[in-house]
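Once you have looked at the hints, place chain B on chain A.
Here is how the chains run, residue by residue.
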Amino acid sequence: MSAFEPGGDQASIASVTDRVRPVAIGAPVTSVHFLGERAAFVGAEENVFLASSEGEILPVAVHSGGILCTVSDRARLVMGGDDGKLVALDTNGEVTLLATDPKRRWIDNVALHSDGAVAWSAGKTAFIRSGKGEEKSFDVPSTVGGLAFAPKGLRLAIAHYNGVTLWFPNMAANPEFLEWAGSHLAVTFSPDNKFLVTAMHEPALHGWRLADQRHMRMTGYPGRVRSMSWSAGGKALATSGAEAVIMWPFASKDGPMGKEPAMLAPLQARVAAVACHPKQDVLAAGYSDGTILMVRLTDGAEILVRRNGTAPVSGLAWNAKGTVLAFALEDGEAGLLDL
Amino acid sequence: MPDLTSQKIPVTVLTGYLGAGKTTLLNRILSENHGKKYAVIVNEFGEIGIDNDLIIGADEEVFEMNNGCVCCTVRGDLVRILDGLMKRKGKFDAIIVETTGLADPAPVAQTFFVDEDVQKNARLDAVVTVADAKWLSDRLKDAPEAKNQIAFADVIVLNKTDLVSKAELAEVEARIRGINPYAKLHRTERCKVALSDVLERGAFDLDRILEIEPEFLEAGDDHDHHDHDHHRGHDGHDHAHSHGGLKHYHDEEMQSLSLRSDKPLDATKFMPWLQDLVASEGQKILRSKGILSFSDDDDRYVFQGVHMMLEGDHQRKWKDGEPRESRLVFIGRELPEQIIRDGFERCITT
Chain A
5 MSAFEPGGDQ ASIASVTDRV RPVAIGAPVT SVHFLGERAA FVGAEENVFL ASSEGEILPV
65 AVHSGGILCT VSDRARLVMG GDDGKLVALD TNGEVTLLAT DPKRRWIDNV ALHSDGAVAW
125 SAGKTAFIRS GKGEEKSFDV PSTVGGLAFA PKGLRLAIAH YNGVTLWFPN MAANPEFLEW
185 AGSHLAVTFS PDNKFLVTAM HEPALHGWRL ADQRHMRMTG YPGRVRSMSW SAGGKALATS
245 GAEAVIMWPF ASKDGPMGKE PAMLAPLQAR VAAVACHPKQ DVLAAGYSDG TILMVRLTDG
305 AEILVRRNGT APVSGLAWNA KGTVLAFALE DGEAGLLDL
Chain B
589 MPDLTSQKIP VTVLTGYLGA GKTTLLNRIL SENHGKKYAV IVNEFGEIGI DNDLIIGADE
649 EVFEMNNGCV CCTVRGDLVR ILDGLMKRKG KFDAIIVETT GLADPAPVAQ TFFVDEDVQK
709 NARLDAVVTV ADAKWLSDRL KDAPEAKNQI AFADVIVLNK TDLVSKAELA EVEARIRGIN
769 PYAKLHRTER CKVALSDVLE RGAFDLDRIL EIEPEFLEAG DDHDHHDHDH HRGHDGHDHA
829 HSHGGLKHYH DEEMQSLSLR SDKPLDATKF MPWLQDLVAS EGQKILRSKG ILSFSDDDDR
889 YVFQGVHMML EGDHQRKWKD GEPRESRLVF IGRELPEQII RDGFERCITT
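Going down the list, the protein sequences come from chains A and B.
Each residue of the first sequence is one higher than the one before, counting from 5 in the numbering used here.
Each residue of the second sequence is one higher than the one before, counting from 589 in the numbering used here.
Just chain A, with the same shape it has in the complex:
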């Protein structure tokens, strides 16, 4: 396919491609976030590019090498690099060095808590620094694949080989271990704190209902799941990895157990990135061929944001109000869409 051609109802698809404002980054971009009202395009190495709503680009040097992991709560963007540094960037564009690994190991994962705590990992060790600056660490049996804070309390999920360790840094209690064979990478709690889901090295998700540790196997993907996003209110988890957005239902007490996922916006390209709208039942999906669609969750209606025929989409982000969508491609092409 050389151009976007949704089968059948081609004429009926709405397009907002002419409303996209291109942003010139000029370097490969690996993820996109918002810092306040500015979009932050994270380069593959060294720099973050802050784009004002007027489209001015401000490069900010954050690392002296590759930027390996990022997380943002829209007030700050925290990054780990292959220079062994953990760095935060705030809405004013100020860079703060949060930690340096003494052995200059790669900082592979980061997570942010709503109370200001930050967690990161290097090798098999997960570190946490509370909002008050108190630091603790915890070693898991194998390299940390992903980190996530629970939405309530101070509890950190540490994904690794053969399961996830739930660590309570402020309690004497032993960490809980959720076991499942295989390599667990990205990890996320459902916003209602009832479920934990990991993206595995193999093309599958694995989930646990935290109340009784019941397993949820979510398989059938042709490729590894690299992007996950909870819909507004946490009713569903949108995922990349297939040639459609796979949406797992989490509204009921059983989560997706025994249910089929919804498959939205199928294309002849693989979904590379997903970002649910912060307030409405809408998501943005970016594909391996550069296509970007906005999709209504209730009926699957699609709006074309960007045509195909380029590098894969590497990042998508909404501002807090859900009025601006920022996107980037692996090769550094980027844009902003005002709604």
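The set of hints was computed from the structure by calculation and includes no laboratory data.
Be aware that a few hints might be false.
Facing chain A, a subset of chain B residues (Cβ under 7 Å, in silico) [stated by the list, open to error]:
| # | residue |
| --- | --- |
| 1 | Phe-651 |
| 2 | Gly-672 |
| 3 | Lys-675 |
| 4 | Arg-676 |
| 5 | Glu-704 |
Source: prediction; values computed, not measured.
The C-beta atom is built at its ideal place from N, Cα and C for all residues, glycine as well.
Relative to the frame of chain A, chain B by itself:
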């Protein structure tokens, strides 16, 4: 179709038993004036004498894929590191992975077969094994890891040849050839070997599986082909005999098996047979390679495998006058030779 292989970053796997000289070779590669930049994945920091900001420490973390196949193991740390390194594409030309002395090279190689993201960005170039001329013969007896590393190798750097006599050298070479007659063998002192002999080999490139003839002991400048007087050290596990002056060992445990046919193979029989063979005997088969001629097919078909993993493709048209011959090679542990030979025979069209 653009040639995607050429854009993928080549990865050389450097193995060798403890003390054989892996770090010496690595330092040599890094310090030579070649104008290239290497990202190096090592297990122990501090031994590298060269300043390089792309030296990455790794823990050899092997895990089983969740596909019910026990030997389908991959290096999880390598997946992660290669993924991270790809963010610095353009900062280096090639990657070298140094394993620990006790490592099995299979999980490293298998990582390149099973991981989609790794496959997209990088390609396995060759497994280079550094062997200690003085001690390898002993290690082959008492260290299964050393034997694995020799069996798996595409290139063997037989190091410390200055520490052994001609007779000892012939002995250790014969033992290597008894296990792996296909690897390129270079005799070195202090790992002094031309970089082109260990890097950019394309050993896993299907297009370059052209020669799978055994590399019999080539004549080195100082190597005497008519030295008949060095037969010794017969022990219960080996039998040595002589071919035109060269000693030949047969290793009881690890060996290679080659098959050939000048009659075409029936693809509808061969493919299921090969799949079944690696599924049932894959734990024993370390490496496999083949160039195949199928009936009613004008293309050469090539395949290669590591344990249970196979990849294969039509390579090119058979040339006019080129003998349409099928050749297969297996290197493995206690290979069920007769079963393999019989199975192969049944795939030959009559």
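Hints breached by this structure: The structure conflicts with no hint, since it agrees with every one listed earlier.
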